[in-house]
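Enquirer: Generate coordinates for the entire structure from the input sequences, incorporating the hints supplied.
Protein chains in written order, with my numbering: chain A, 41 to 458; chain B, 74 to 386.
Since the hints were derived computationally from the structure, they do not count as laboratory data.
A quick note: this is a predicted structure, and the numbers were derived from the prediction, not measured.
By construction, the Cβ of each residue, glycine as well, lies at the ideal position given by its N, Cα and C atoms.
Hints are supplied without guarantee of correctness; some may be wrong.
What the hints assert, rightly or not - For the chain B half of the interface with chain A, some residues (derived, Cβ under 10 Å), not all of them:
{"#": "1", "residue": "Ser-122"}
{"#": "2", "residue": "Glu-170"}
{"#": "3", "residue": "Lys-253"}
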Amino acid sequence: MNIIDVAVKDLRRVFRSVFALIMMFGAPLLIAGLLYFAFGGLASGSGSFTLARTRVIIANLDQISPSASSFKAGDMLIKFLQNEDLTDILELTMAPDEVSARSAVDRQQADVALIIPANFTQAALTPDQNAAVLLYQDPTLTIGPGIVKDLVNHFMDGFSGAKIAAEVTHAAAQASGSRPDLSLSAWASQQYATYLESSSHAAALHNTSPSGSTEQTASGLAMIGPIMAGMMIFFVFFMGANGAESIIREHEEGTLSRLFTTPASAITILGGKFVGVFVTLVIQTTVLLAASALIFHISWGEPLSVGLATFGLIVAATGFGVMLMSFIKSTRQTGPILGGVLTLTGMVGGLITNGIPNIPAIMDKIALTMPQGWAMHTWKLTLAGSNAGAIILPVMVLLILGALFFTVGLMLFRRRFI
Amino acid sequence: MTQKALQVRNLQKCFDAFTAVRKVDFEVQQGEIFSLLGPNGAGKSTTISMLSCLLEPSGGEAYVMGHSVTKEAQAVKRAIGVVPQDIALYGDLSARENLSFWGKMYGLRGNALAKRVDEVLEIIRLTERQKDRVDKFSGGMKRRVNIGVALMHKPAVIIMDEPTVGIDPQSRRHILDNIKELNSQGMTVLYTTHYMEEAQELSDHIAIMDQGEIIACGTHTELVRMVGELDRIELTINVDSENVIADWQATAGVHRVSAEDGHLTILAEDSNLILPHLFESATQAKVRITSVDIQEPNLEAVFLHLTGKALRE
Numbered sequence: 041m042n043i044i045d046v047a048v049k050d051l052r053r054v055f056r057s058v059f060a061l062i063m064m065f066g067a068p069l070l071i072a073g074l075l076y077f078a079f080g081g082l083a084s085g086s087g088s089f090t091l092a093r094t095r096v097i098i099a100n101l102d103q104i105s106p107s108a109s110s111f112k113a114g115d116m117l118i119k120f121l122q123n124e125d126l127t128d129i130l131e132l133t134m135a136p137d138e139v140s141a142r143s144a145v146d147r148q149q150a151d152v153a154l155i156i157p158a159n160f161t162q163a164a165l166t167p168d169q170n171a172a173v174l175l176y177q178d179p180t181l182t183i184g185p186g187i188v189k190d191l192v193n194h195f196m197d198g199f200s201g202a203k204i205a206a207e208v209t210h211a212a213a214q215a216s217g218s219r220p221d222l223s224l225s226a227w228a229s230q231q232y233a234t235y236l237e238s239s240s241h242a243a244a245l246h247n248t249s250p251s252g253s254t255e256q257t258a259s260g261l262a263m264i265g266p267i268m269a270g271m272m273i274f275f276v277f278f279m280g281a282n283g284a285e286s287i288i289r290e291h292e293e294g295t296l297s298r299l300f301t302t303p304a305s306a307i308t309i310l311g312g313k314f315v316g317v318f319v320t321l322v323i324q325t326t327v328l329l330a331a332s333a334l335i336f337h338i339s340w341g342e343p344l345s346v347g348l349a350t351f352g353l354i355v356a357a358t359g360f361g362v363m364l365m366s367f368i369k370s371t372r373q374t375g376p377i378l379g380g381v382l383t384l385t386g387m388v389g390g391l392i393t394n395g396i397p398n399i400p401a402i403m404d405k406i407a408l409t410m411p412q413g414w415a416m417h418t419w420k421l422t423l424a425g426s427n428a429g430a431i432i433l434p435v436m437v438l439l440i441l442g443a444l445f446f447t448v449g450l451m452l453f454r455r456r457f458i
Numbered sequence: 074m075t076q077k078a079l080q081v082r083n084l085q086k087c088f089d090a091f092t093a094v095r096k097v098d099f100e101v102q103q104g105e106i107f108s109l110l111g112p113n114g115a116g117k118s119t120t121i122s123m124l125s126c127l128l129e130p131s132g133g134e135a136y137v138m139g140h141s142v143t144k145e146a147q148a149v150k151r152a153i154g155v156v157p158q159d160i161a162l163y164g165d166l167s168a169r170e171n172l173s174f175w176g177k178m179y180g181l182r183g184n185a186l187a188k189r190v191d192e193v194l195e196i197i198r199l200t201e202r203q204k205d206r207v208d209k210f211s212g213g214m215k216r217r218v219n220i221g222v223a224l225m226h227k228p229a230v231i232i233m234d235e236p237t238v239g240i241d242p243q244s245r246r247h248i249l250d251n252i253k254e255l256n257s258q259g260m261t262v263l264y265t266t267h268y269m270e271e272a273q274e275l276s277d278h279i280a281i282m283d284q285g286e287i288i289a290c291g292t293h294t295e296l297v298r299m300v301g302e303l304d305r306i307e308l309t310i311n312v313d314s315e316n317v318i319a320d321w322q323a324t325a326g327v328h329r330v331s332a333e334d335g336h337l338t339i340l341a342e343d344s345n346l347i348l349p350h351l352f353e354s355a356t357q358a359k360v361r362i363t364s365v366d367i368q369e370p371n372l373e374a375v376f377l378h379l380t381g382k383a384l385r386e
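Expert: Dropping the structure here:
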């Protein structure tokens with residue numbers, strides 16, 4: 041019964057400490073949230089990022105070729121840019137002339153002015169003629185004008201390709217002594233225009249998040265899960281050590297000696313303190329799992345797997361904390377221990393870097409040299425939807441490590457206090 | 074025949090080569106206040122730690138209410154309430170929560186626990202502040218809660234290790250009155266202090282400790298009788314002068330001279346006869362006597378008589 045008394049007393053003290061509450065709940069949620077919004081780019085929840093529409097003003101000076109009245113290259117370019125796939129990123133308006141278009145950019149009424157030259161169609165149809173589409177942009181902008189430039193290049197490359205094909209055919213005919221067909225270039229351009237009109241992938245522009253594949257983003261917030269798991273593991277280990285530190289603190293405050301003057305045995309007293317640490321971590325983990333599921337919409341996985349992963353994490357964190365604290369002499373040493381050792385082992389264990397894509401595979405192996413690495417491995421599997429059978433091995437490793445650490449810590453504490 | 078509350082036989086504690094307690098012997102009758110008086114480092118707290126089962130004796134044996142501290146620790150712990158020298162409370166818990174927790178550690182539960190907490194809060198006069206966190210209390214109030222914790226299970230013997238250190242006179246008075254009140258209700262008190270006045274006021278029997286040994290034991294009257302009818306003269310001088318002190322030491326009728334930072338304690342047979350010589354000697358050595366105080370024989374004089382040094386040293 042005294043085990044429960046000691047544990048309840050410790051829990052009461054922990055949950056009255058603002059510092060402990062911040063480290064238990066505030067810090068992991070806050071840091072995970074900051075990392076998520078800083079690097080995840082997933083705030084919208086749809087997996088795509090938002091890009092401001094680029095205002096494009098077009099002055100179409102293209103004069104229609106009398107020889108190809110049905111083909112208008114300038115109109116084709118405008119139609120290409122008006123493709124419905126591009127309406128999310130481009131906002132098109134027309135200007136009567138080049139001066140008006142440039143003036144609109146100068147007055148910041150448009151981001152880009154596109155000047156289609158008068159000989160645009162003629163150049164598309166005639167082998168020896170060239171035309172240049174002029175792009176006049178707001179110098180403070182990069183992404184929007186860059187997209188417009190790429191789209192225009194894409195359009196122009198098609199015409200260039202058609203012209204080159206026609207010219208090669210023309211040259212080959214001349215070389216073989218045949219009479220060259222001067223209308224071949226116009227025919228090729230018209231064929232390309234027809235292809236462009238009928239093509240459904242004319243404007244193949246997709247914007248995706250940095251996390252990679254569409255599949256990942258569609259499954260929802262692929263990055264935040266590992267980030268949150270990393271933070272949760274780090275702060276659960278922190279609270280495990282912080283809880284075990286209360287033995288040292290009570291020793292310094294004289295309450296541990298006073299406890300030893302009561303009829304309760306030393307094993308009961310230390311046992312009560314360990315139960316207090318364990319229950320604290322159970323509450324911390326449960327709250328973090330629930331809060332992060334609500335705030336970040338994280339799906340932690342199958343309930344049984346989550347339960348096993350939680351149990352493994354808490355046993356490992358309690359054991360590691362008890363062992364860590366059993367080495368220190370006074371609470372003055374706990375700062376470097378908590379800050380230094382836990383940060384170092386946490387980093388090696390991959391808690392900080394787990395949200396970063398394309399980490400070398402060797403890092404995953406190095407991470408498994410630390411208990412935090414095994415905890416992270418377990419939670420990654422759980423997040424991926426693994427069933428209990430798939431995570432039982434890492435959970436067993438966590439339980440064995442926890443028991444080992446706990447035994448070492450208990451032996452050192454017993455030698456010191458009992 | 075009444076069972077003795079405490080029996081200590083040849084109790085000894087060594088820390089490597091250092092012997093903190095040397096073959097200490099004493100007995101405490103039930104219902105009495107017994108004080109261990111001595112300067113810091115005399116071995117009082119080590120003796121108490123062995124009686125509280127916190128330290129294992131290196132030799133000898135001690136019994137609390139007939140139970141051996143080495144063989145029946147659980148029974149001893151149930152019989153004693155310990156008031157440590159330093160405040161040993163949970164500052165982030167209220168006075169009531171502290172008392173309640175410590176009561177539970179002695180097996181109290183439910184209504185009995187709640188009732189006892191109320192009683193103890195009355196005894197230490199903190200009923201009004203029972204819900205306040207202990208770390209918001211003054212030093213004196215913390216001391217009272219510190220004592221209250223030891224009273225929770227109504228122990229047969231309460232062991233108090235310098236419970237009045239560092240508190241204001243009013244709180245000190247309150248604690249001493251509390252101890253007398255508890256004793257009048259039949260509680261045996263083992264009290265350690267380096268304040269001679271406290272031992273003198275409270276105790277039925279006093280053991281004077283120095284360097285791990287009990288150098289004298291008895292009632293206040295018996296102890297004072299050891300120094301006979303000697304007067305104790307307290308003097309302060311403006312400069313330390315070894316010549317003057319040596320001269321005073323050699324003066325007929327002077328038994329002991331103890332000096333510390335210009336403050337001298339002299340045991341002499343008749344202060345009226347001695348004082349003129351002391352002044353004359355000081356004047357010749359150009360040393361100025363800045364204050365003189367003549368006191369009746371007391372425990373301080375006993376300590377000086379037995380050890381050659383003042384209790385405060």
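Enquirer: Please go over all the hints and tell whether each is borne out by the structure.
Expert: These are the hints, each one checked on the structure:
| no. | hint | result |
| --- | --- | --- |
| 1 | Ser-122 | holds, 8 Å |
| 2 | Glu-170 | holds, 7 Å |
| 3 | Lys-253 | violated, 24 Å |
Going through the hint list in order, the structure does not satisfy hint 3, though it satisfies all others.
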